[in-house]
Amino acid sequence: MMGYRLDRLAVLIVDDNQHMRSLVRTILESLGVSQILEARDGSHALEKMGQAQIDLLIADWNMEPMDGLELTRHLRNSPESPDQFVPVIMLSGHTERARVMQARDAGVTEFMAKPVSARSLYARIVSIIENPRPFVRTNDYFGPDRRRQMLPFEGPERRKPGGGGASGHGQAALSGDQQAALKRTKDTIKSMQKS
Amino acid sequence: MSGDKPKGAVEVIHPPNKIKARVGPAGKGMDPNLLARAEAAMAKAQEQVDFPAQANPELARAAEVVQLLLSDRENQAKHLSTLFNIVHDLRGGGGNFGYPLITRIGSMLCRYLEGRNTVGMAEVEVLRSLVDAMRAIIANKLKGDGGQVGQELCAGLERLVG
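These protein sequence lines are chains A and B, in that order.
Whatever position you read off the first sequence (first residue = 1), add 3 for the numbering used here.
Whatever position you read off the second sequence (first residue = 1), add 3 for the numbering used here.
Subject to a maximum C-alpha distance of 25 Å in a straight line, what follows is the list of computed PhoX-like cross-link-like pairs (lysine-lysine): (1) Lys144/B x Lys186/A; (2) Lys144/B x Lys193/A; (3) Lys47/B x Lys144/B.
Partial list, derived from the structure: chain A residues whose beta carbon lies under 7 Å from chain B: (4) Arg8; (5) His22; (6) Leu26; (7) Ile132; (8) Pro135; (9) Arg140; (10) Thr141.
In short, the hints are calculated from the structure, not lab data.
The structure presented is a predicted model; accordingly, all values stated were derived computationally and were not measured.
Where a beta carbon is used, it is the ideal one built from N, C-alpha and C, also for glycine.
Taking the hints into account, I'd like the entire structure generated from these sequences.
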């Protein structure tokens, strides 16, 4: 089966973790991508984009000094953006729905929850090629059309309603069941430390 | 670039599909051979990464930050944010480098911290248990699902975080 000529793409990987950059690079190389650039944070990515034409960005969220969200906002909204329309795949350990929505509102094209897999990355690249999303400009947003279902939630189930958000409780905040779980957990950890 | 429009106005733009133009019209969907090659290369690369060497110092730092939550209460918000960032990075890598339990427990911790700016003794105990559990997993090189011990540990922690 004939595939797309991915060897013609220039992809920029933006991640502060060298192992993760290396893993994504391995996947891209295996898919045939020949021009792969790396950056360690958002500012570094902008620097790289000033030096080379980039077709696709794969960016982590948490980075310093400029994170992936700020980078995406800059690309979409800044008059100094090197390419307002460049597709951005956000690859993040964040799996909470509110975070995914935040990424969407910043203007990311696709969201991918870590751990990364070759299949999920390849599928998103193909989706960007085959189903490009129109861009929308409103008073407070510029970026890919958010109405399309484009941000699959891949993480584990969120915690139960009412399970968090409280703060400053004392020891009494743990229920009897939680205290029993705490004791069992400590015992298990202790036994692991001995072994 | 998004101001100066009447309220509620929406402009839809169809930018040229530059990527499609570059990769050519010949393909359709994913090429199974290419995917298999990428999966094999990825598996090989994953084996070469010493995740414990990366995780150990980070988890030691996380344990120190948990201590600071009690000894430096005035700066709890800052310490909670630091703890979140350390663990968030680890949970991102764990699943990719043979330690899905780190991802699972790291996610519990990150969700537990969502919306919390201050914590009391009880919450610190919970956080300490989560960090200790991750340290024990790394110390014992408990890869994969961790077997019975790993599953028991996670089940207990899940009850703990509610």
